[in-house]
Amino acid sequence: MTNYSESLSKIINASNVILEELSFDKRPETLYAPLNYIFSKKGKQIRGVFVLLSHKMFGGKDVNDLKDIVLAIEALHNFTLIHDDVMDNAHLRRGRKTINKNWTSNQAILSGDLLLIQSYKYLLNSKFSTLAMCHEFSNIATQICEGQQLDLDFQFQKEIKIEDYFSMIELKTAALIQLSLSIPLYSSYLYPNSTNTDSTLNIYRDIMKKIGLTLGKLFQIQDDYLDLYGKESIVGKVVGGDIIEKKKTFLYVEACRLSTPQQKKYLISTYDSEDRNRINLIKELYQVLDIQNVAIKKINQLYKEVFNLISQLKIEDQKKENMIEFLEYILNRNS
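Per the working numbering, the sequence shown runs over residues 557 to 891.
Don't read these hints as lab results, they were simulated from the structure.
Predicted model only: the values in this text are computed from it and were never measured.
All the pointers check out, no bait thrown in.
Okay, derived cross-link-like pairs now, DSBU-like style, lysine-lysine, Cα gap no bigger than 30 Å in a straight line:
1. Lys-566 to Lys-875
2. Lys-766 to Lys-677
3. Lys-875 to Lys-854
4. Lys-717 to Lys-860
5. Lys-787 to Lys-820
6. Lys-787 to Lys-821
7. Lys-787 to Lys-597
8. Lys-803 to Lys-653
9. Lys-717 to Lys-803
10. Lys-787 to Lys-802
11. Lys-766 to Lys-598
Taking CB as the label site, the calculated pair distances span:
12. Lys-683 to Arg-583: 27 to 35 Å
13. Ala-589 to Lys-617: 32 to 40 Å
14. Leu-648 to Ser-829: 20 to 28 Å
15. Arg-813 to Lys-582: 47 to 55 Å
16. Cys-690 to Asn-836: 46 to 54 Å
No residue lacks a Cβ here, since even glycine has one placed at the ideal position from N, Cα and C.
Based on the provided sequences and hints, a complete structural model is requested.
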């Protein structure tokens, strides 16, 4: 049981209550049952909390004002997970069979499509939704698709530049974190009694976007790290799954950069092989190259960048406390 402060607990509980509405009592059952299945096993659900934390940090009073926006973002996020699992032919998600394995890939695709449509219905249902907010939501949805395609393309490339890797995760992973933190600031109607002007909100929005992009990079590198060095019971996925799927992770990209020509040749050929022992073989090479510590150092660097950006927000420190507390928890729990 995590001991959050009372104020943060209220925000997290509010997000959880909102997300309980992600349930569908509709027909045909074969279309909606997969969605009820994925929402019955709760993930980290940090995006909804980020929306509410950002709202409160900039003077928002009622978290329920953001209810439909929280639902929209969580629906969009789970749409991406469902389709990613189909494309990756993944077997596990959150410690259970994926929709494509528990049902069929066709059902997973259709249920995911429905969830994308539903995300827009939630967004448009919000009385605080603005045209700028809808445009940004669509831009982010597009970026996620672009990032996923780059990720798929990387599987067929032997070597990836680190800047290309970061471009991919900025689109695929960081974009939705960025949206979660900045989306309340697209509607000045949420802060009618605030001293924030449109110009001030724009400045805050730009900083929150930078925080989101940095967090997204950190989360992805952390995921890449845990895929190989975490425990399946904790991570909820098969350990070494990225190697099995030939994904070009931060670990792989840095190993290519730091290896000798001979080591790189061995890395590429082993990574691309069907050797049943290739996870252990790759892990042994990573140990020689000290890749585990390279990843940890990068995570720590991004961690510092996040809190440096938060310090640039010209608001009272008291208003930042819940955001900082939540970030410290989620960034340290897997370290």
